[in-house]
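Engineer: Chains as they are written, first to last, in the UniProt record's numbering: chain G, 1 to 324; chain V, 1 to 503; chain B, 1 to 338.
In short, the hints are calculated from the structure, not lab data.
Misleading hints may appear alongside valid ones.
Here are the simulated lysine to any residue pairs, SDA-like style, with alpha carbons at most 25 Å apart [as the list claims (entries may be wrong)]:
#1 V:K164 to G:L112
#2 B:K329 to G:L112
#3 V:K150 to G:R186
#4 G:K119 to B:L312
#5 G:K312 to V:K164
#6 G:K261 to B:L263
#7 V:K149 to G:S266
#8 V:K141 to G:R209
#9 V:K141 to G:G207
Selected chain G positions facing chain B (in silico; Cβ < 8 Å) [what the hints assert, rightly or not]:
#10 F115
#11 V122
#12 V127
#13 G130
#14 L288
#15 G301
Predicted model, so just to flag it, every value in this text is computed and none were measured.
Glycine included, C-beta positions come from ideal geometry on N, C-alpha and C.
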Amino acid sequence: MNNALTWLLRNPIWGFVLLIFVFFSVSNEFFFDPQNFKNILVQTSTIGLIALGMTLVMINGNIDLSVGATLALAASLAIDIQGWEVFASWGSWAILPGVLAGLLSGVLLGALNGFIVWKTGVDAFIVTLGAMLGVRGLVFIYTQEQSFFAMNFAYSDFGASSVGPLPTLAVLFLLFALITHLLLSRTVHGRNTYAVGGNREAAVNAGIRVGPHMLINFVIVGFFAALAGITLSTQMGASTPNLGREYELWTITAVVLGGTKLSGGSGTIIGTLGGVLAIGILRNGMNLMQVPAFYVLVILGTILIAVLFLDKQLTRRGKGELRT
Amino acid sequence: MTDQTPALRLDGIVKTFPGVRALDGVSFEVLPGECHALLGENGAGKSTLMKVLAGMHQPDEGRIFIEEQEVVLPTPLDAKAKGVVLIHQELSLAEEMTAAENIFLGELPRKRFGMVDWKTLFARAGEILKKLNCDFGPETKVSRLSIAKKQMVEIARALTVDAKAVIFDEPTASLTDAEKVVLFDIIRDLKADGVGIVYISHRMDEIFTISDRLSVLRDGAYRGTLVTAETDEDEVTRLMIGRSLDYSRNVQHAELGDIALEARNLSCDPLFRDVNFHVRQGEVLGFYGLVGAGRTEIAETLFGLRHPSSGQILLDREEVHVASPADAIARGISLVPESRKEQGLVLGMNCRDNMTLPQIGDLTAGPFVANGAEIAIYDQYRDRLEIKAPSWRSIVGNLSGGNQQKIVIGKWLAMKPRVLIVDEPTRGIDVGSKSEIHNLIRELARSGYAIIVISSEMPEVLHVSDRIVAMYQGRVMREFTSDEVTEDNLVQAISGIGGERAA
Amino acid sequence: MVAETKPEAGRPARIRRRTGSNAMSVFAKQGILIAFALFIVGFAIFSDRFLSAENLMTVIRQSAIIGVMAIGVTVVVIGGNLDLSVGSMLSFSTVLVVDLHDQMGPGLAILVMLAATLCLGAVNGLLVGYARLNSLIVTLGMLSAIQGLVLIYSGGQNVDIVNQESTWFAIFGRGYVFGIATPIVIFLVFALLVHVLMSSTAFGRRVYAVGGNPTAAVFSGIRRSRVVFTTYLISAFATGCAAVILGSRVMGSQNNVGQGYELLVLAGVILGGTSLLGGSGNVLKTVVGVLILGFIQNGLLLMGFAYYVQWLVTWIVIILAVWLDVAAKRGRLFSPIA
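One chain only, chain G, in its complex shape:
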């Protein structure tokens, strides 16, 4: 019990998740239902996948604002390419080149962002702010402002399919969460992520190649953004050029709620998972209670600021602080 308590203190967002879970379970009869839990997992998987990559980038002390646009590009590529004449005879296998192209676009855009940050030394915020506009431009150029629809039903069936009792998309998300957790907590690259974000100079002095290291994390977040685009488009069976607008804001919100510091050096996938679930449960629960979506925006914004405020109060160093 004591262990559970210290764990909660270190991951306060899970306390919040528990709180709203109990609240909605008590106050709404439709909430506590395995089917609804599956819905929540599927609904959160899109933001969740991006948030996994964003956590790495933010622990590095960077940020990626271009994920929403990357998501749209990957979704558009995946759906468009699987409909190409060349693959007409491939049957359902035609999906494969589409998905691969989508994922590749994410990886390449991530690599581009990372490379620019590495070589130019321009702040990641500015680099990815530019990319956010530019990649959205690419999406519009590629799609000519058109929405694409998946002609192959196998594609949208995937989005609605299940693995055993769980929806495939939920399984995919949880699986990648586990992999990213292991990457971050067990691998040399993952551990160096903390070093680079926590004390860049120490990392450089210790011979960690900071530039390529950050590039890899940008590639990872690009990959996850593309993957999220593909899973989202399987749910819709379609892609629109405006897909994923403001997702960067939601993702950053989730990651910050999960306890990752903007200044870098700290954060965990478990925390991010909590942040993602908090947003998912709030949206779902309030939706079930027929609270208009508008209020969710207000409440989420307020919670984000409140969490930041509490964090500041808790870490304040008592009376010895200089009043600057």
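Take the given structure of chain G and dock chains V and B to it, following the hints.
Structural biologist: Chains V and B alone, transformed into the frame defined by chain G:
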């Protein structure tokens, strides 16, 4: 001992920064198994020398030898690979990682798939920590360690390689006495293993405890090497201070006016407690003590940056509550802060704007800043303080340390304060500017200012003060007039020995 | 015997490393103006309509809304903070002024709207200035919260001014003052006023000091919290003014009309050479930055490209502009990190 091959040898190292010749042909060697202390005043070039050794700075001239092999050390990593490790004065650890990971940062042992081999990592780190007699495990997160233990992690990092020379830069600054004993044991063990130790400190007692030889730097130049067992503090001090500075005792007493500022039982827990002192117009009151003794904190409290937990501040014999720096300024208190770059200046701004910043709200004509008035103030204090800057438009960050400090002083003189507090007036500036600033402080006192000078440099305190308050661990140990103070009783008072008012 | 805690002097300040060649530093200092000139020459070659007075006026008029907002955000950024909430705030203010217009008439509607917008700015200012919270997250949260507020207020409906012909409200977006389109007049007058505020008043000096070194500013007796608070009020006021232009031009408002504006605004500020680190920047250069965005858009449209091609070009321009700036400061083109 001298026929041994030196573990590390420097020959004629020169390093210049714009405006400062930080190292001027320094030669220095450390033998295997020897602890060689390096001394020098603030600004003498010790840290620069260390950074050259650790591969963080490249020397402009001169050569470095490791075991008589000439080497180039382009990065800290190269230095470490060749066996020269610097234990930083400022800790360079990643807080959210374990001690073991920090020790092996950049070279974590790997298994398949790039996984960290935790077993090997913890075993190897545990071994090193055990050798250092650390009471925490390698899996402890660094953010949960005390500063002393963090330093142990830094030291452990040095032991991961086959170190030829380990440099300790002010290692005891934040250690308790018990922790110091442990540190010295470690240094002795390293010596026994044939490692050469370079030990930088300003604490004489430590240097006489631990070092075999000592070398002295002054004004960026090498001044000599002594065998510790054959010398004494006097000789070392003479070598350090030299004759280049007039550090004669202050004997002139200005006409003293009324009490300008007084503190009664002033406390700010846990930084200082029950502090009593006063300063008169025309008087310089010196505060002397070790870092962390609470001197700077008192200044910050007088200036409204901290709120006292109890006690009174009296200005012209009337009790005041100083709510904020703006409030302090309005009451005629000025503070020249300890850290010029962090607290004193906006480095990206020009000279004039920095100088007029505290009074910019009063320098207006209608809604606009009065340009002429501003430039007049700048010109006045530029001439009075002999500030050397190309023009008032020059960006302050481009000036030398001495001129920067004069801008800060000018900025506060321009406020025409009743009480001027100067914290570390000459930290990190060249010798010439030092004596100018000392003279200026005396001159200001003669013209009626009440001045409080806080300094970590004893000669400076002795040189400028009419009275000296000695502090130790947040308490006033003793107050001296300039007639009764000696270096001995001052050192004793700030070390917590034999103070009159020790509580 | 001396006590010592800090490393010696002589560690050169970062700024002192400005050792790049002269041409490079000139280019970096005035890079944005040079880029501006290049763009204009380039577009003029490809389109003979581009340089016509009429077209130039069109560009400036179309840039006015983003421009006015960017001027406000420049003040916030010089003070060392960000404001991402201006997009939502624009939606809020436009919906409010348009909705109130038919209820209380244009004059009162504008006053009430400005008051409400200033309240939102005050919330930002309290949280960032006084509570010292990270401005990126605070204004991100406010972006979301204000978006929600707009939707709650409007019930998800778009709003319109019913009697469009008979109101003097039209003057702000559609009218002319001395033959110049009112948005242009508002934009340039506002730019000039804020420029004077920042360059010639005590307040402006304090903002630069707080952004450049907040600790030193406090040690100089500047009330840092109050200064930051005020910068957010200015940013909110600017957004309120932009909302008047927008509402008047459209004579109605969608409830998400400002979505994404925060980033275009920030792009204009960054192109104007204002460092996101605070302490430096120039309001007039922000005007140039915003106009570059406008000219890219206009030039590309005249050359027959679709409107979204401008985003791609903006991407490249932003990165090149900031890269040059950073490169000039460190004296080398590529970052030294391995």
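Engineer: Does each hint hold? Answer for all of them.
Structural biologist: Taking the hints in turn, this is what the structure says about them:
no.	hint	verdict
1	V:K164 to G:L112	violated (43 Å)
2	B:K329 to G:L112	holds (23 Å)
3	V:K150 to G:R186	holds (23 Å)
4	G:K119 to B:L312	holds (20 Å)
5	G:K312 to V:K164	violated (45 Å)
6	G:K261 to B:L263	holds (22 Å)
7	V:K149 to G:S266	holds (21 Å)
8	V:K141 to G:R209	holds (23 Å)
9	V:K141 to G:G207	holds (21 Å)
10	F115	violated (11 Å)
11	V122	holds (5 Å)
12	V127	holds (6 Å)
13	G130	holds (4 Å)
14	L288	violated (18 Å)
15	G301	holds (3 Å)
Checked against the numbered hints listed earlier, the structure breaks hints 1, 5, 10, 14; every other hint is satisfied.
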